[in-house]
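These protein sequence lines are chains R and C, in that order.
Take the first sequence: its position 508, counted from the start at 1, is 508 in this note's numbering, and no numbers get skipped.
Convert by adding 560 to the 1-based position in the second sequence; the result is the number in this note's numbering.
Hints listed in this document are in silico derivations from the structure and should not be mistaken for laboratory results.
The structure displayed is predicted, hence computed values, not measured ones.
We put the CB at the ideal spot given by N, CA and C, even for glycine.
Incorrect hints may have been included.
What the hints assert, rightly or not - Looking from chain C toward chain R, a few residues come up when the C-beta cut is under 7 Å (computed): (1) Leu665; (2) Arg735; (3) Gly743.
Unchecked claim - Far from chain R, by Cβ distances over 12 Å, these chain C residues were calculated: (4) Leu567; (5) Ile572; (6) Arg723; (7) Arg793; (8) Leu917; (9) Arg924; (10) Trp958; (11) Gly978; (12) Lys987; (13) Ala994; (14) Ser997; (15) Leu1032; (16) Leu1035; (17) Gly1045; (18) Gly1065.
Protein chains: 2
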Amino acid sequence: MSERNSLSDLDIARQADIRPIGDIAATAGINAEALELYGRYKAKVDPARLDAPAPAGKVVLVSAMSPTPAGEGKSTTTVGLADSLARAGHKVMIALREPSLGPILGMKGGATGGGYSQVLPMDEINLHFTGDFHAVTSANNALMALVDNHIYQGNELNIDPRRMTFKRVLDMNDRSLREVVIGLGGPAQGVPRQDGFDITVASEIMAVFCLATDLADLRDRLGKITFGYTYDRAPVTVADLGVQGALTLLLKEAIKPNLVQTIAGTPALVHGGPFANIAHGCNSLIATQTARRLADIVVTEAGFGADLGAEKYMDIKARLADVAPSAVVVVATVRALKMHGGVAKDKLTAPDLEALLAGVDNLRRHLRNVEKFGVTPVVAINRFATDTQEELDWLLEWCATEGVEAAVADVWGRGGGGDGGDELAAKVAAVLSAPNSFRHLYSLDLPVEEKIMSIVQEIYGADGVDFSVPALKRLADIKKNGWAGLPVCMAKTQYSFSDDASRLGAPKGFTIHVRDLIPKTGAGFIVALTGAVMTMPGLPPVPAAMRMDVDDAGNPVGLS
Amino acid sequence: MSERNSLSDLDIARQADIRPIGDIAATAGINAEALELYGRYKAKVDPARLDAPAPAGKVVLVSAMSPTPAGEGKSTTTVGLADSLARAGHKVMIALREPSLGPILGMKGGATGGGYSQVLPMDEINLHFTGDFHAVTSANNALMALVDNHIYQGNELNIDPRRMTFKRVLDMNDRSLREVVIGLGGPAQGVPRQDGFDITVASEIMAVFCLATDLADLRDRLGKITFGYTYDRAPVTVADLGVQGALTLLLKEAIKPNLVQTIAGTPALVHGGPFANIAHGCNSLIATQTARRLADIVVTEAGFGADLGAEKYMDIKARLADVAPSAVVVVATVRALKMHGGVAKDKLTAPDLEALLAGVDNLRRHLRNVEKFGVTPVVAINRFATDTQEELDWLLEWCATEGVEAAVADVWGRGGGGDGGDELAAKVAAVLSAPNSFRHLYSLDLPVEEKIMSIVQEIYGADGVDFSVPALKRLADIKKNGWAGLPVCMAKTQYSFSDDASRLGAPKGFTIHVRDLIPKTGAGFIVALTGAVMTMPGLPPVPAAMRMDVDDAGNPVGLS
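So here's chain R without its partners, still in its complex pose (with noise of 0.2 Å):
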């Protein structure tokens, strides 16, 4: 076991034998026309020049039992298993979410792994990496400004600038752009209406963007978005104002997956990175797709816990490409599992078998949830120097007599590239080498509700769904422009089962409230909102970019 250390995520990653961009490219079998320099560790790999077969590699999906507000380390897992695999002879991809700027001003500092299992350059990746989402805010905002640009010249649209759907963005965190009033100042300057901003990765063309299978499906689901209503209650969709093509060029060259490395040199495809919420919340299609022509094994991660992210996967990524999961790695820390056992947050270092025992209903729970899609579960204990080795041995005997393959893995402090994640690669790979017969929980056909229902009763345990006035309001519209067949996408607290983020554990007899529904008919979904969900989040008292800065050699400062 190694203790953490007092080096930072950033000085990790830069003490770390970063290898130019090209032989990685080289070892990963892109070929030379397919590969486009960004500086001299990133580079954009272009599908359409890309010089290999079908996609066929095996898919292994990270995700986690229900967090702790600080994360249970699904991003370090991803790349310390990639790393492991790697170093077993497998022939491996990554394929992460690009991190967000604003929470990186706000609190984080960092988005790319940790310890010794990180993508690099992390600092650059943190901040513009190769500028993806800059584009997706020029398009959403483009699309906001032709719109209100619209309306001004004289409606012929239509559109009632009370019923808008879409939001202008910034990837920033500023709450004082929630709720605003836009087009004062007089006849001259628009049209005045109340508005919002979201964050970026709240964007339904962040969306749209990452289940995009190439760029005539990109151009044509952004056509498909819904952005508001006419005075007659009638969608008006981007491709009504005819702006797909001026989106899809904003964004053509943003939709080439951008190839990173990890620290132990294994290829990593960052691209895209929707809200788990309001989204999917996982990495492009289009990154699957393309790591799973060039590696047998592409390693993989969905947001939030496995109740969310990966029956999103399931349910939505995975009905529009062959990219079911062959192994889900459901993370797990005994501090969490401490927390779902009634202990404070400030008490989670200090051992507690009790509580673990008490709290480990909550992983079982996530674990059958995973069997129910037809893939095995393997359960990666993400090691903290503040584990004792009896209740690292209590959870995998305990993982061992519910009949599921379990590992620790130290990927943080000894490296997937060191020998952090070894168990863990081996168990994955059994399991991979395993028969599984994958299925998705619903059928499209299924009404909307019943959709709902057999999310809330099979996966998150609940005895039933309580629709508020407008969200059946919401539904009988959804039947009547033709939206019923879209899948499910619920925004709902991670830290419960339940749509009350306060009842840990795997509670029962409770109720989800459903108390809006937000058709994204771009993306593909129909967002059901429980209780408040924040898309645009704001800063805290002390930002972390107070503490961020250059050096006098131009180095970065204060990302960790």
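Assemble chain C onto chain R, guided by the hints.
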């Protein structure tokens, strides 16, 4: 003379024989360590790693007479002249501004020269390029999110939300955002205040970006930006908030100049793009200086006519480093001269010698102005297909009478790589080898009102200047706050020497009305506003975006 054919700029650009940017860099003498590729045809050049001598190249500044709304072809002339100088055996580099995305989606469709005098790849440069403007947008909006968060979290700095002088920005033509109210929605959503958005090129951070001498100076200037005032009316700076480090971090890659090539293969640094009204309107100082390290002749451009762009180049940019021009090219067109001679805009293509004679006073005043800086002007007559030989001959003759070198250039139709600019290049080269004695128009020690007086009298030909009551109050504040030693940046219509766009030719007997003064303490100048200045453009009834698309092969459509 070439007929302007039916090929669009995009068609011509796509037919061009573009070379890998590494080849261009090698020819330009850029060592591999200093080059960071961005795709196949774009690269960033890191001045800190550049193995080249100190800046020594001579600068040719391309400016213009007072233009028509369509523009007189300064960028096209800049590109073509550089190509012609290269064709004549000179070691040449271009330094140009980056285009702004907003106007491209609105009116223009592209801003990288035209015809056979373009920088390539025109589609990428016109869309997201290497993301510099996105980085400026991010830094600007990070600052404002941090400011509003500071107010929300307790407002330790005592910032008066009613006296904020800094806005959020988007690189978009979005009139609905000109005047907004933010922070609505109750105590959890921030503090309500009146606000607005500018286009990114109007951000003071863009001006700072373009005037910084290096990364340390960038950080220093960012810290000096005044974003508002306290309740006690004391200025509050970015350094007071303590986030100049974070803003520098967000700009550390963007600040490296971008290398591209012309159709003829001449290397061009295209970098930065401040407004020419409320800012100084030329590419980054770092790009100009980098070009001067690599080439014997640097051809660069300043926005608007010579009364604005050239004056600001001389009195703002050329005070920060040794970038004073050794020659100034004044672009003139037969059509613009006729417009100044009283011809209606829809009649400019009809031959009209009398109108030429009546309009040429405008050109004369610009030429005499250039000489006031101790620099020799050269007239570039940018040829249009509708110009008659008689008109061109008359204009050449007139220039000879005035004692000014002049040449007809057809760099649009024949290209500088062809013979379209040979004569112009020869005249410019001759001026470059003659001595000159550059001087600024005014001393920084003069009071602000006297600096303004010298510009309006000596350059504009006005009788004097009239300050509004608010401007007079601001003058007192400027003195009180110790900013009186800064140079002045005039914000005036480009269409007239006066502040009334309809007064064409060389008006006399007028007064310049300064309605407000805006201290830009980071950029280091005082903006003098005359008349209304639009800092957030709107979209036209049929935006250029309506024509834009991607074809089946992924190629851009509708940029022109």
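*Hint numbers not upheld by this structure, sorted from lowest to highest*: none
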